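Asker: For reference, the chains in residue letters:
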Amino acid sequence: MAGIGGAETTGKKVGWGLLNAVVVIYALLPVLWIVSLSFKSSATLADGNFIPREWSLENYQNIFSTSEFTRALINSIGIALIATTIAVVFGTMAAYAIARLDFPGKNLLVGVSLLIAMFPQVSLVSPLFEIERSLGLFDTWPGLILPYITFALPLAIYTLSAFFREIPWELEKAAKMDGATPGQAFRRVIAPLAAPGVFTTAILVFIFCWNDFLFAISLTSTEQSRTVPVALSFFTGSSQFEDPAGSIAAAAVVITIPIILFVLFFQRRIVAGLTSGAVKG
Amino acid sequence: MAEIVLDKVTKRYPDGALAVQEVNLEIADGEFIILVGPSGCGKSTTLNMIAGLEDITDGELRIGGQRVNEKAPKDRDIAMVFQSYALYPHMTVKENMAFPLRLAKVDNATVEKKVKEAAEILDLSQHLDRKPSNLSGGQRQRVAMGRAIVRSPKAFLMDEPLSNLDAKLRVQMRTSVSRLQKQLGTTTVYVTHDQTEAMTLGDRVVVMRGGVVQQIGAPQFLYDQPANLFVAGFIGSPSMNFVPATLENGALRSIIGDVTLTDRIRQLVEAADAPREVILGIRPEHFEDAALVEPAKLSAGGKFTHQVDVLESMGSDKYAYFNLTGEQAASAELQELAADAGSDDVPGDGISLVTRLSSASGAVEGASADIWFDADKIQLFDPSNGRNLTYTER
Ligand SMILES: Nc1ncnc2c1ncn2[C@@H]1O[C@H](COP(=O)(O)OP(=O)(O)OP(=O)(O)O)[C@@H](O)[C@H]1O
Ligand SMILES: [Mg+2]
Chain U
1 MAGIGGAETT GKKVGWGLLN AVVVIYALLP VLWIVSLSFK SSATLADGNF IPREWSLENY
61 QNIFSTSEFT RALINSIGIA LIATTIAVVF GTMAAYAIAR LDFPGKNLLV GVSLLIAMFP
121 QVSLVSPLFE IERSLGLFDT WPGLILPYIT FALPLAIYTL SAFFREIPWE LEKAAKMDGA
181 TPGQAFRRVI APLAAPGVFT TAILVFIFCW NDFLFAISLT STEQSRTVPV ALSFFTGSSQ
241 FEDPAGSIAA AAVVITIPII LFVLFFQRRI VAGLTSGAVK G
Chain W
1001 MAEIVLDKVT KRYPDGALAV QEVNLEIADG EFIILVGPSG CGKSTTLNMI AGLEDITDGE
1061 LRIGGQRVNE KAPKDRDIAM VFQSYALYPH MTVKENMAFP LRLAKVDNAT VEKKVKEAAE
1121 ILDLSQHLDR KPSNLSGGQR QRVAMGRAIV RSPKAFLMDE PLSNLDAKLR VQMRTSVSRL
1181 QKQLGTTTVY VTHDQTEAMT LGDRVVVMRG GVVQQIGAPQ FLYDQPANLF VAGFIGSPSM
1241 NFVPATLENG ALRSIIGDVT LTDRIRQLVE AADAPREVIL GIRPEHFEDA ALVEPAKLSA
1301 GGKFTHQVDV LESMGSDKYA YFNLTGEQAA SAELQELAAD AGSDDVPGDG ISLVTRLSSA
1361 SGAVEGASAD IWFDADKIQL FDPSNGRNLT YTER
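Sequence order for the protein chains is U and W.
Per our numbering, residue 1 is the first one in the first sequence, and the count goes up by one each step.
Per our numbering, residue 1001 is the first one in the second sequence, and the count goes up by one each step.
Rather than coming from a laboratory, the hints here were simulated on the basis of the structure.
Since this is a predicted model, take the numbers as computed values, not measurements.
Just so you know, not all the hints are guaranteed correct.
[Said to hold, decoys possible] Under the rule of at most 30 angstroms between Cα atoms (straight-line distance), these lysine-lysine pairs were calculated in the BS3-like manner:
no.	chain 1	residue 1	chain 2	residue 2
1	U	173	W	1008
2	W	1116	W	1154
3	W	1168	U	173
4	U	173	W	1131
5	U	173	W	1182
6	W	1094	U	173
7	W	1116	U	173
8	W	1094	W	1182
9	W	1182	W	1008
10	W	1116	W	1094
11	W	1297	W	1318
12	W	1105	W	1094
13	W	1105	U	173
14	W	1116	W	1168
15	W	1318	W	1377
16	W	1154	U	173
17	W	1008	W	1071
18	U	106	W	1071
19	W	1094	W	1114
20	W	1318	U	173
21	W	1113	U	173
22	W	1377	U	173
23	W	1131	W	1116
24	W	1094	W	1071
[Said to hold, decoys possible] Here are a few chain W residues that sit away from chain U, every Cβ distance over 12 angstroms (derived from the structure):
no.	residue
25	1219
26	1290
27	1321
28	1352
29	1393
Built from N, CA and C at the ideal position, the CB exists for glycine as well.
Chain U on its own, in the form it takes in the complex:
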């Protein structure tokens, strides 16, 4: 590639630059629009200006002034974190077993988890609703955490077993020969090497739980367990005569922040190529 003439490379660069710009604008424009909406005062809300003529924090004050949003925020964070933790812990164990062991029914297990991942969630909502009602799980945290884990686990198992398969098995044998118990071998050799995979999976699962609307709206009925995406749809504005668009925009901005933080926090730990050098090559 290095030998290609200067004109062509500049042309290429410009082309790529343009393409990138288009993609970035396409992806970010709605986000920026929401941000701009959230900073408009209720009077200027519908003026159609991209840059607010009158900056105000009114919307943010509004959403945090009632328990409707704050309570939903707590629910969302709690439910997503718990579901992520459980899914990642169990997913790690399952993926490790799938990648390392040959046990009867392994293919069945993989097949079934794939099936769950492919199952249309919509068709599960009404039976889940009935089941949770009769079990008393309806409108509780566990009532949402359980279905989230169910759908997040296959995702976690798939991503993680791909990561585990990348780790040379000989490392584990070497650890055993060096005097490690299976537990020590896992903790001191395998886990550190699988960490990037675990964090990647955690991010994916967290985003899945955080963004879910379908289960959240069907399996909750009160503030007690309603998550933010649902609470948003119930926004009516602080008074009945107010357009809730500003509040919704502010809430939308607020709930994007944890995701960004989550990704930024874990991205540092996702160091690619950590396993290189373990074996020859």
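Using the hints provided, position chain W with the ligands relative to the given structure of chain U.
Answerer: Okay, now just chain W with the ligands, sitting in the frame of chain U:
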């Protein structure tokens, strides 16, 4: 330090594959044992059973007189060097080498001291703080050795530890492995594919085929007195020549000349109750250019005249290759050896012969040459089962 005894050790994998069959092997304290054999013959499996990484299906494994079949690897106090080195990529060289000691809960000062010692022996002192990914192949190999020696285990197991190195480095590391083992005097079991490693490193060599031990002995003994066709063909490079031959009234007829058997060989052959049709085996160095052989010896050996196919002059001596017309010696062992060497699909009827002649030989490529061989150096094999008919315990 301890002796290792394999008593009728058998391995059958869950899928039914019988990888190792009734291996009996007594490894003395401090001995350097080499396992060789073609790919898939069960060398790694045997090693892994000694290590404890594979369960033993049947038989008993004793280390230092104690049955260890049921012991986990960590309780056997054995170190292993893997073909891929298996260094921990997230740890520095120092941490890699210290790992076994840390697991053994050795105190910090001792860890420091032992790692330092090992690093000095292996010339790794200036690399202690680097990660394995930044090291060269040879350095990684030494780190793997270092990790094995720091805790002074009862035995070392090495599975083709040098096979990932380039040829030059391999020679270097071969001598240092040998020196290290002598220095430490630790019992070592070493798996290899490499002829030279097998011949030069070990006190004794174990030749395996299809999970069965073929012969155990000192390298030179295996070379001189192979128990069967397989060992004869496997040990030695270039390998032994095999030619079909007929035994008749104390004389041996073959395409490379007829000879009268020497008294020594006749006695052995009679004692072994040899069949009429045999396979004649003879090593390349037992041929000579007939023009250079003293007349007295000349008549005591066999002689043939044929066109030289290829001539390679090595300076010290010459290798002359011949392609004789005739049926190749046929036996299951030879076919397997050819398959392992990857030469089973080389087209070419007839018998190919490798001879090593002295550098004074006037043989010319493409021209005819008179070749003599030493009648007392031949080995005869039974084609039906590969048994060496001229084998002596010496
Ligand atoms: N996990 C396994 N399950 C089933 N069969 C196996 C397994 N590992 C090895 N085998 C079989 O056991 C036999 C011996 O294998 P092993 O790895 O010991 O050979 P090897 O002598 O080390 O060969 P190489 O020189 O190629 O490393 C082979 O036929 C192989 O197919
Ligand atoms: Mg092997």
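Asker: Evaluate each hint against the coordinates.
Answerer: Checked hints:
1. With a C-alpha separation of about 25 angstroms, the suggested pair residue 173 of chain U and residue 1008 of chain W falls inside the 30 angstroms cut-off, and the hint holds.
2. This hinted pair checks out: residue 1116 of chain W and residue 1154 of chain W have alpha carbons roughly 21 angstroms apart, not beyond 30 angstroms.
3. Taken as a hint, the residue 1168 of chain W and residue 173 of chain U pair is honoured in the structure, with Cα atoms around 29 angstroms apart against an allowance of 30 angstroms.
4. With a C-alpha separation of about 20 angstroms, the suggested pair residue 173 of chain U and residue 1131 of chain W falls inside the 30 angstroms cut-off, and the hint holds.
5. A C-alpha spacing of about 26 angstroms is found between residue 173 of chain U and residue 1182 of chain W, which places the hinted pair at or below 30 angstroms, so the restraint holds.
6. With a C-alpha separation of about 19 angstroms, the suggested pairing of residue 1094 of chain W with residue 173 of chain U holds against the 30 angstroms cut-off.
7. Taking the CA atoms of residue 1116 of chain W and residue 173 of chain U, the gap is about 25 angstroms. The hint holds against a cut of 30 angstroms.
8. The suggested pairing of residue 1094 of chain W with residue 1182 of chain W holds, with an alpha-carbon distance near 24 angstroms, which does not exceed 30 angstroms.
9. In summary, the hint linking residue 1182 of chain W to residue 1008 of chain W is supported, as the alpha carbons are separated by about 29 angstroms, within the 30 angstroms threshold.
10. With a C-alpha separation of about 9 angstroms, the suggested pairing of residue 1116 of chain W with residue 1094 of chain W holds against the 30 angstroms cut-off.
11. A distance of roughly 21 angstroms separates the Cα atoms of residue 1297 of chain W and residue 1318 of chain W; the hinted pair therefore holds under the 30 angstroms criterion.
12. Between residue 1105 of chain W and residue 1094 of chain W the alpha-carbon distance is near 16 angstroms, which keeps this suggested pair within the 30 angstroms criterion.
13. Straight-line distance between C-alpha atoms of residue 1105 of chain W and residue 173 of chain U comes to about 20 angstroms, which keeps the hinted pair within the 30 angstroms bound.
14. For the hint linking residue 1116 of chain W to residue 1168 of chain W, the alpha-carbon distance of about 27 angstroms falls within 30 angstroms, and the restraint holds.
15. For the proposed pair residue 1318 of chain W and residue 1377 of chain W, the alpha carbon gap of about 19 angstroms is at most 30 angstroms, so the pair holds.
16. For a cut-off of 30 angstroms, the pair hint linking residue 1154 of chain W to residue 173 of chain U stands: about 18 angstroms separates their Cα positions.
17. Distance check on the hinted pair: residue 1008 of chain W and residue 1071 of chain W sit about 18 angstroms apart at the alpha-carbon level, within 30 angstroms; holds.
18. The suggested pairing of residue 106 of chain U with residue 1071 of chain W holds, with an alpha-carbon distance near 28 angstroms, which does not exceed 30 angstroms.
19. Distance hint between residue 1094 of chain W and residue 1114 of chain W is fulfilled; the C-alpha atoms sit about 11 angstroms from each other, no more than 30 angstroms.
20. This hinted pair does not check out: residue 1318 of chain W and residue 173 of chain U have alpha carbons roughly 47 angstroms apart, beyond 30 angstroms.
21. Annotation: proposed proximity of residue 1113 of chain W to residue 173 of chain U holds, straight-line Cα distance about 26 angstroms (limit 30 angstroms).
22. Distance restraint check for residue 1377 of chain W and residue 173 of chain U: the Cα-Cα separation of roughly 47 angstroms exceeds the 30 angstroms cut-off, and the hinted pair is therefore not satisfied.
23. Straight-line distance between C-alpha atoms of residue 1131 of chain W and residue 1116 of chain W comes to about 17 angstroms, which keeps the hinted pair within the 30 angstroms bound.
24. For the given pair, residue 1094 of chain W sits about 29 angstroms from residue 1071 of chain W by alpha-carbon distance, which is consistent with the 30 angstroms threshold.
25. Non-interface status of residue 1219 of chain W relative to chain U is upheld: no Cβ of that chain comes within 12 angstroms, the nearest being about 27 angstroms off.
26. Taking the minimum C-beta to C-beta distance to chain U, about 49 angstroms, the non-interface status of residue 1290 of chain W holds against the 12 angstroms cut.
27. For residue 1321 of chain W, the condition that its CB be more than 12 angstroms from all CB atoms of chain U holds, with the nearest at approximately 35 angstroms.
28. The beta carbon of residue 1352 of chain W is kept farther than 12 angstroms from every beta carbon of chain U, the shortest such distance being approximately 35 angstroms.
29. Listed as outside the interface, residue 1393 of chain W is consistent with that label: its C-beta sits roughly 37 angstroms from the nearest C-beta of chain U, beyond the 12 angstroms cut-off.
The structure fails hints 20, 22 (numbered hints given earlier, in ascending order).
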